[in-house]
Amino acid sequence: MARAVTPRRKLINTGAAWAVGLLIFFPILWTILTSFKSEAQAIASPPILFNFDWTLENYGVVMERSNYARFLWNSIIIAGGSTILGLIVAVPAAWSMAFVPSRRTKDILLWMLSTKMLPAVGVLYPIYLLFIQMGLLDSRAGLVIVMMLINLPIIIWMLYTYFREIPVEILEAARMDGATLREEVLYILTPMAIPGIASTMLLNFILAWNEAFWTLNLTAVDAAPLTAFIASYSSPEGLFFAKLSAASTMAIAPILILGWFSQKQLVRGLTFGAVK
Amino acid sequence: MATKASRSAARLMMAPAVVLLLGWMLVPLIMTLWFSFRTYLPLRGGDQGWTGFDNYVRFVTSSAFWPAVQTTLIIVVGVLIITVVLGVLLAMLLDQPMWGQGVVRILVIAPFFVMPTVSALVWKNMFMDPVNGLFAHLWRFFGAEPISWLSDAAMPSIIMIVSWQWLPFATLILLTAIQSLDSEQLEAAEMDGAPKLKQFYYIILPHLGRAITIVILIQTIFLLAIFAEIFVTTGGAFGTRTLSYLIFQRVLESQNVGLGSAGGVYAIILANIVAIFLMRIVGKNLDN
Amino acid sequence: MGQIQLKQVTKSFGDVQVIPPLDLTIEDGEFTVFVGPSGCGKSTLLRLIAGLEDITTGHIEIDGTDATALVPAKRGLAMVFQSYALYPHMTVRKNIAFPLRMAKMDQAEIDKRVEGAASVLNLTDYLDRRPGQLSGGQRQRVAIGRAIVREPSAFLFDEPLSNLDAALRVGMRMEISELHKKLDTTMIYVTHDQVEAMTMADKIVVLQAGVIEQVGSPLELYRNPRNIFVAGFIGSPRMNFIEGPEAASHNAHTIGIRPEHIEVSTTAGHWEGTVGVAERLGSDTFIHIHGVPGCDPMTVRAGGDVAVKHGDTVYLTPDATQIHKFDAEGLRIA
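Protein chains in written order, with numbering that gives the first Met the number 0: chain E, 0 to 275; chain G, 0 to 287; chain R, 0 to 333.
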């Protein structure tokens, strides 16, 4: 509950919070601003905050030079594909665990969580080898599968915690009303869980979008997503600040916006329901 | 509580997820274990047979091992201290009544959504570049000599970048936890005459205990595995080679799969130790 | 039709047998109430009949055919849940129509039946609202509406009134009784509230720990409780039980006398006691009296304006014809 405070106190709070907020946000703001500068103004001394000649030139150059669209498309396919695939596998599993719990349900859930904690670097080479053997190296399909697998525990957990909030009586009512299992999931459970399913999808899309271990190590050209696109700027040519900023802005903008919508679910999803 | 029919349906519906994750866990794990006991150099003769525990011994006794462990620990502990302390303070600040709380929240959470490669690059070039970075300008403005952050102060720089990325996560979880604190408890404490500092120690901090533990455990798991931040900034040079990065180099750069796999097994054991504690907490939460 | 027969039905969860072998017949058109303290297995029994739980052994027959292995949908029963279990994302109309839609009934017939049910239950004005916009009583009606449109062979009610406030509960009680008279369909009603059981039932089944203690009409149970448990459970305020020499003088281990069968006097009577708390309801006064040997406190129902106060000495006389006698096992002695 909001405690009553004096206006003066509230003013101080507001000032302090905004100052800290802007400080934390500043690197992002600075990147976005720089992306609209000319290269000369980007490295001007002293630095220019707002008072520069706004230009879209950098975006044009970046798009042209590095085939940004392909990287973007790869990111969308990998993040989107793995999320949808994960959902298809996770919804039935979460239904089972939430509504037909057995003595082993808890153990299974925790075991699933434990697979998420396997350090990627520990199994990098086997996966690398398997990918070569199966012809999945540098393929979008391969990355979709890997992203789906690493995020599957989170998807199942999030759905599980959402499903558990749906009273089982409602599903039983549907059963009494003559609904088959398929109809029960399709007409009752899914519509009721839409908000939960949506935020699960959102968070997993973000996690897959930003994942930077597998995407860097399992792709080269064809399937490389935005993480690799940006990493390619890490060579010493990084002096092109404005273009680097434009590329960065393009890589993070969609996810920043999605992320702001999903911030509440983030807590739940990433703490596996332990903090609500 | 359900019927036989629904129980068998449940097993069937759970099967794909279980099978997939089991495969994802076991196949690479067994392969890693297998490789770790072999001399395996893909570019220099391939699989040269069984070596017992040689790789394990070599990995631990190599001159790079202990510095890597040390580096890993410094990064993990450093980032944890910074994010938890600042996170608690920030969460308490954000919990106060103010104007534009929603917007501030959005500003604070934003770094978490920035791709690790992007944040590493932005920090490396636009802030920490010794000539054109903002810090260099700032140092010059005060008449100081700009610092070559990522070579002369590589560890603090990396810790700072990673903390910036994870502070939002800590803040958000702690804020959620603070908001679930019953304000009547604080009011009761106030009625009992407890000063603000005592209220913080005896009520707020214990209430946050579980959230802090969870922040520490989850961050530890992610921090043990940080990769892109180092890959993009220092490439493991200047004393920033973590255990993960060392294994990565052994496997992919020097192509010594056997040795790298042994390192991988160490990393898995390390992560499991942390994971066990996290599971305890999450598991307890499942019961209620 | 709606005759339901349970034959040697048992239910175990793991190693725990919650319902030992049980036989029960519910006749067509009967309003049967399962009543008992919480945890007595009454809801489990209802869920077994509904098919939401498997029975461990035994048979369930509905209208003479074995329904043991049938899924809930195929048993032709409708259920009203404690939490109403309305579908929150559907309007009232869609909620009520849902079972008909699942039965693939044609739209014209669905509309007709939904309108019919709505007018019976006074829901016509609310058909396009969602459950979240309704009051508790209205939600309850929607849940009932969803059950009656299917024209089931029997209705199952699982503590349907426990989420309503007291005033509404009395109203809904009458509405459900009214509905039963109108539809003349078998109803099985689970409650822990003996007042609901007494006022609504044709037949009451008193359960304790999964065992049927007694089956009978409300008055039968009131007049001739088979054992101490039933005697204590049925009737409000609770029957007074007296042990010791007083009971022995009736050749019983325990005797029971209901509060309404005791006369209070300020001058003379069979027992002497001191007034403790007197609960005045206006129409009646429930007086709790201390000091009666073998029974402390003894509750007595007196007139609304009886002039006693805390600490007064009063004299009590039981109606000798209304004394219930029980043996050491708690069974009634004829």
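It should be emphasised that the hints constitute simulated quantities derived from the structure, not laboratory data. Just so we're clear, the structure is a prediction, and the values are computed from it rather than from any experiment. Just so you know, not all the hints are guaranteed correct.
[Said to hold, decoys possible] Okay, the calculated beta carbon distance ranges per label pair:
{"no.": "1", "chain 1": "E", "residue 1": "193", "chain 2": "G", "residue 2": "44", "range": "55 to 61 Å"}
{"no.": "2", "chain 1": "R", "residue 1": "115", "chain 2": "G", "residue 2": "105", "range": "49 to 55 Å"}
{"no.": "3", "chain 1": "G", "residue 1": "14", "chain 2": "E", "residue 2": "17", "range": "19 to 25 Å"}
{"no.": "4", "chain 1": "R", "residue 1": "105", "chain 2": "E", "residue 2": "193", "range": "27 to 33 Å"}
{"no.": "5", "chain 1": "E", "residue 1": "138", "chain 2": "R", "residue 2": "135", "range": "39 to 45 Å"}
{"no.": "6", "chain 1": "G", "residue 1": "105", "chain 2": "E", "residue 2": "193", "range": "41 to 47 Å"}
{"no.": "7", "chain 1": "R", "residue 1": "208", "chain 2": "G", "residue 2": "4", "range": "42 to 48 Å"}
[Stated by the list, open to error] Facing chain R, a subset of chain E residues (Cβ under 7 Å, in silico):
{"no.": "8", "residue": "18"}
{"no.": "9", "residue": "168"}
{"no.": "10", "residue": "176"}
Built from N, CA and C at the ideal position, the CB exists for glycine as well.
Results of checking the hints against the structure:
1. In this structure, residue 193/E and residue 44/G meet the distance hint of 55 to 61 Å, their C-beta atoms being roughly 57 Å apart.
2. Distance hint for residue 115/R and residue 105/G: a CB-CB separation of about 52 Å, consistent with the stated range 49 to 55 Å.
3. Distance hint for residue 14/G and residue 17/E: a CB-CB separation of about 52 Å, inconsistent with the stated range 19 to 25 Å.
4. The hinted window of 27 to 33 Å between residue 105/R and residue 193/E holds, with their beta carbons roughly 29 Å apart.
5. Separated by about 57 Å at the C-beta atoms, residue 138/E and residue 135/R break the suggested range of 39 to 45 Å.
6. Between residue 105/G and residue 193/E, the C-beta spacing of about 24 Å breaks the proposed range 41 to 47 Å.
7. Range check, residue 208/R to residue 4/G: about 28 Å between beta-carbon atoms, so the 42 to 48 Å window is missed.
8. The beta carbon of residue 18/E comes no nearer than 42 Å to any beta carbon in chain R, farther than 7 Å, and the hint placing it at the interface is violated.
9. Because the beta carbon of residue 168/E sits about 4 Å from the nearest beta carbon in chain R, less than 7 Å, this interface hint is met.
10. Given the 7 Å rule on beta carbons, the hint for residue 176/E holds: about 4 Å separates it from the nearest Cβ of chain R.
Checked against the numbered hints given earlier, this structure breaks hints 3, 5, 6, 7 and 8; the rest are met.
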